[in-house]
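> Protein sequences, first through last, are from chains X and C.
Here this note's numbering is used: position 68 in the first sequence is 68, and no number is missing along the way.
With the second sequence counted from 1, adding 1000 to any position gets you this note's numbering.
Take these hints with a grain of salt, some might be off.
[To be verified] 27 Å max Cα-Cα, derived DSS-like pairs, lysine-lysine:
#, chain 1, residue 1, chain 2, residue 2
1, C, K1138, C, K1196
2, X, K62, C, K1321
3, X, K62, X, K48
4, C, K1136, X, K131
5, C, K1285, C, K1038
6, C, K1138, X, K131
7, C, K1285, C, K1196
8, C, K1285, C, K1316
9, C, K1321, C, K1059
Simulated from the structure, these hints should not be mistaken for laboratory data.
Note that the coordinates shown come from a computational prediction; the quantities given were computed from them, not determined experimentally.
Below, each chain spelled out in residue letters.
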Amino acid sequence: MSVTLTVVRAIRDYLVKHRLLIIFGILGLLIVLFVLIPLAKIVFLSNKEALLQTLLDPTTMKSILLTLYAALITAVIGFILGVPLAYILARNTFPFKGIVEGLIDLPIVVPHTAAGIALLFVFGRNFLLGKWFNSIGVHFVDSLAGIIIAMLFVSVPFLINSAKDGFRKVDVRMEKVARTLGASPWQVFHRVTFPLAWRSILAGTLMMWARGISEFGAVVILTYYPMVTSTLIYERFESYGLTQAIPVAAILVIICAFIFIGFRFLLQRDKKHD
Amino acid sequence: MKIKVLICLLLAMVSLATACTTSGPSPVPSSPGNLGGKKTNLIVFEADSLMVPFAQIQKEFEQANTTINVEIQAHGSIQVIRQVTELGQDVDVVAVADDSLIPMLMYQTMMPDGKPYANWDIMPATNELVLAYNPKSKYADEINASNWYQIISRPDVRLGFADPRMDSVGYRTLMAMKLAESYYGVDDIMENTIGKYFSMPITANEENGTSTIHVPELLEPTDNHMVLRGAHMELLALLESGDIDYTIDYKSTVIQDGLDYLELPPEINLGNVNYAQNYQKVVVKLDYQRFKTVNPVFQGLPIVYGMTIANNSKNKQAAIKFIQFVLGPEGQRIFQDCNQPELIPPECDNVSALPDPLKPLFH
Chain X
1 MSVTLTVVRA IRDYLVKHRL LIIFGILGLL IVLFVLIPLA KIVFLSNKEA
51 LLQTLLDPTT MKSILLTLYA ALITAVIGFI LGVPLAYILA RNTFPFKGIV
101 EGLIDLPIVV PHTAAGIALL FVFGRNFLLG KWFNSIGVHF VDSLAGIIIA
151 MLFVSVPFLI NSAKDGFRKV DVRMEKVART LGASPWQVFH RVTFPLAWRS
201 ILAGTLMMWA RGISEFGAVV ILTYYPMVTS TLIYERFESY GLTQAIPVAA
251 ILVIICAFIF IGFRFLLQRD KKHD
Chain C
1001 MKIKVLICLL LAMVSLATAC TTSGPSPVPS SPGNLGGKKT NLIVFEADSL
1051 MVPFAQIQKE FEQANTTINV EIQAHGSIQV IRQVTELGQD VDVVAVADDS
1101 LIPMLMYQTM MPDGKPYANW DIMPATNELV LAYNPKSKYA DEINASNWYQ
1151 IISRPDVRLG FADPRMDSVG YRTLMAMKLA ESYYGVDDIM ENTIGKYFSM
1201 PITANEENGT STIHVPELLE PTDNHMVLRG AHMELLALLE SGDIDYTIDY
1251 KSTVIQDGLD YLELPPEINL GNVNYAQNYQ KVVVKLDYQR FKTVNPVFQG
1301 LPIVYGMTIA NNSKNKQAAI KFIQFVLGPE GQRIFQDCNQ PELIPPECDN
1351 VSALPDPLKP LFH
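Please model the complete structure; the sequences and the hints are all you need to start from.
Quick look at the structure:
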């Protein structure tokens, strides 16, 4: 009897002590399931045969590789152009800074079809930038360049915001110490600031890559062919139906799961070595 | 520490989710939400070429019927029906740009209870095909009614083409090109403007005076001449931006977008009922099993819109009111204002199956 009582009491004590963790854990679990179940459903809805067939289908694989590749180039461009801006936003104050920061967030909220049309009306052949690019032989309709600008527009805020937070977390005093020890601003940036902020920057770059892979609305306005995976899923659904579209989605989910869980894993492991 | 693990787990999941969910086509914004709490939500799925007139109809209908909140979703016509029959979306009114799609896809597809999704088809409106262009389009200064088909077959001209597997404009464009061949007495206009620019060409064969156009399973453009899109509305944006030079589209949407256009002869524009027999000489066939039960063959016919109430509609009374409104004087005025030609008088293929309040409209 007393043993049971002790056990009950121990459990109660444990529950009381870890109340916060338990409540948060339950809430967290709910949202994890909310994300996990639909994704799992996509993967398990299609039978193994259909998955294998899709995996061996050159159109699908070409499209998935194109998507990963285009989003990667996009992330690299975002990195080159976005990290400097993030640094400026984290370290400097200037007039209308709030407006610039708000502007950077806008692509997240603008409906993506509208974003695609907006890009078309800047990079289209009759409009300023499009005209100029046209003269050097770069077109943004039905081309890799079109995919990239659509992905860049909708995904670059993730990188800039993450990098900005990373730079903000770096103690300015460290930079100042480095300066007093004779380092040039460039040396301070690449020896002190960047290495300390790189985790946030990398996480932001990954988010940007991920966002690029998933983009549909803006890409489909500019570029139908070559076909990114989201467009392929749409096309398969429109012209054949769900049964043909789901294996493509499943393959994309599986590949992305490997890539992104893998990266998170590497990031974590790396953190332990720090 | 455990919390950290938890947070990391969450982050990983979130990033995964962001990476892997694909966003669908953005839905057309519907009217403001139902704030009163007692309004009936009437769900209307429409062909995207009806977007402009139906937006106005929605506004005036809601003003006249304050207890009804109309929610409109626009898609390509085939998609409109598949949203209902394959995705099982709740819908009340269906309005498509090809009246034959309703018998083809709704009469023949059964609801879970074994009854068809629809059993009557009202035809409220018509349209015609025109060749849309931009004043800056290549050769826009020399195009006319006798040379247009030569100009749009030039390899340096970029022609926008709606996917015939998804959009009624697409298969109707193919029909018009084929009809142009006999009208102008020139061979292979369809092949030279569109057909040969795909890795698997769109071909045609003749039998007993009927041309059958075969659309292959895979449509991948081989050349910059051809710009394919899933929906014709996207092509109009590309036309405005100068990224295509020409596209065939419905006259009403071209006018609504303020674009220039060249009228096509009535023998080929699918817009004149007097030439219905001529139009019937072309058929577009999709060369693969596309839906579970139906293998669509699109017969050349005058362009007539179709409208019905889905048999699983939960708001039949409101749906009837909506159709009365569309066919009534207000709806007809709005159609005229939006350059959407109405069918006078509107027709119905199966008056006896209509809900009683709609029957008096067809006598």
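> It remains to establish, for every hint, whether it holds in the given structure.
Status of the hints after comparison with the structure:
At roughly 21 Å between alpha-carbon atoms, K1138/C and K1196/C fall within 27 Å of each other, so this suggested pair holds. Only pairs whose Cα atoms come within 27 Å are accepted, and K62/X paired with K1321/C is rejected, the gap being roughly 50 Å. Of the supplied pair hints, the one linking K62/X and K48/X holds, its CA atoms being roughly 20 Å apart against a limit of 27 Å. Note on K1136/C and K131/X: the hinted pairing holds, with a Cα-Cα distance of about 13 Å set against a maximum of 27 Å.
With a C-alpha separation of about 47 Å, the suggested pairing of K1285/C with K1038/C is violated against the 27 Å cut-off. Proximity of K1138/C to K131/X is assessed by CA-CA distance (about 15 Å); at most 27 Å being required, the pair is judged to hold. A C-alpha spacing of about 17 Å is found between K1285/C and K1196/C, which places the hinted pair at or below 27 Å, so the restraint holds. Taking the CA atoms of K1285/C and K1316/C, the gap is about 35 Å. The hint is violated against a cut of 27 Å.
Note on K1321/C and K1059/C: the hinted pairing holds, with a Cα-Cα distance of about 14 Å set against a maximum of 27 Å.
Of the numbered hints stated above, those contradicted by the structure are hints 2, 5, 8, listed in ascending order.
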